[in-house]
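Chemist: Single-letter residue listing:
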Amino acid sequence: SQTIHQWPATLVQPVGSPLSLECTVEGTSNPNLYWYRQAAGRGLQLLFYSVGIGQISSEVPQNLSASRPQDRQFILSSKKLLLSDSGFYLCAWGRGPNEQFFGPGTRLTVL
Amino acid sequence: GIQVEQSPPDLILQEGANSTLRCNFSDSVNNLQWFHQNPWGQLINLFYIPSGTKQNGRLSATTVATERYSLLYISSSQTTDSGVYFCAVVFRGGSWGKLQFGAGTQVVVTP
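In order, the protein sequences belong to chains A and B.
Take my numbering: the final residue in the first sequence is number 148, and no numbers are missing along the way.
Take my numbering: the final residue in the second sequence is number 112, and no numbers are missing along the way.
It should be emphasised that the hints constitute simulated quantities derived from the structure, not laboratory data.
There could be a bad hint or two in this list.
Examples of chain B residues toward chain A, derived with CB under 8 Å [claimed, not checked]: (1) Q34; (2) G42; (3) Y70; (4) A104.
Computed far set for chain A versus chain B, every beta-carbon distance over 12 Å [said to hold, decoys possible]: (5) Q50; (6) P55; (7) S57; (8) N100; (9) R105; (10) S114; (11) L120.
If you're wondering where the values come from, they're calculated on a predicted model, not measured in any experiment.
Built from N, CA and C at the ideal position, the CB exists for glycine as well.
Okay, chain B solo, but in the shape it has when bound:
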């Protein structure tokens, strides 16, 4: 079936370290978003990136649509980066605008 898979499921980092989170998806997409869910549950938009590369401060993302994966890079991690990172896609031909979420990557950044 149509799937969104994220890896790794859990990540523990020391402050200052770099990391890469991966999202694989099983079919062509119209939309791909990366979110950070903070401890209060709020979903913060990080990137809208159905293809290409974007950067925002210490975060950057790359989506290779033809190979059906996206990567989120966190550089010089800080304790405020802790939380769950979600990848979500809208598959072509699916319900209009329906975001399908991966299971998330739980990131813990230690001082």
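Chain A extracted, bound-state conformation:
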């Protein structure tokens, strides 16, 4: 069966510091991978998606970037964090328009 991991689970970072969040998927190959953010309140917003190694599409212009160095690894990064980057970051995998499955998330607080 497929599993998706994210780390760290929680992170507190000062403004201006760098960020690296990691997501890995097991039990499947060539998945579509997604980064979503859930800010204060309930809504989730798609940040990035990837259909293959090195292929990244950005949905929202922002202070973040994503990379996919391996088939089942997806990384979310920032060179300098802003207060507005605080939130709950969720990684997901799926195939085409079909069902997506989410990881446990990383709760980021920028102070």
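Could you slot chain B onto chain A? The hints should help.
Modeler: Structure of chain B alone, referenced to chain A:
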């Protein structure tokens, strides 16, 4: 614009009660999913249901794609059903696999 609307925004139930959550969407979809977000933030897949009816234990869902709505039924609610329920869709013609979320329904089940 393209939208996903959920109602009601909040729901308080007594244990054992039944309820219906609604999701309206503004355009044709390739994918519709229902999720339950637990207190730790994990998004639990409930149903992948772009059309038709499915049942899983005390939960069931119906999507009427031609009328652009989906319903999630919770029967004999339990305190463990508390949390936020999200509807999310992938619109046809949109970014590949991009899930667009509704604002969610916050459900509280009291003993």
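Chemist: Taking the hints in turn, state whether each one holds.
Modeler: How the hints compare with the structure:
no.: 1; hint: Q34; result: holds (6 Å)
no.: 2; hint: G42; result: holds (5 Å)
no.: 3; hint: Y70; result: violated (19 Å)
no.: 4; hint: A104; result: holds (5 Å)
no.: 5; hint: Q50; result: holds (18 Å)
no.: 6; hint: P55; result: holds (24 Å)
no.: 7; hint: S57; result: holds (20 Å)
no.: 8; hint: N100; result: holds (20 Å)
no.: 9; hint: R105; result: holds (14 Å)
no.: 10; hint: S114; result: holds (21 Å)
no.: 11; hint: L120; result: holds (20 Å)
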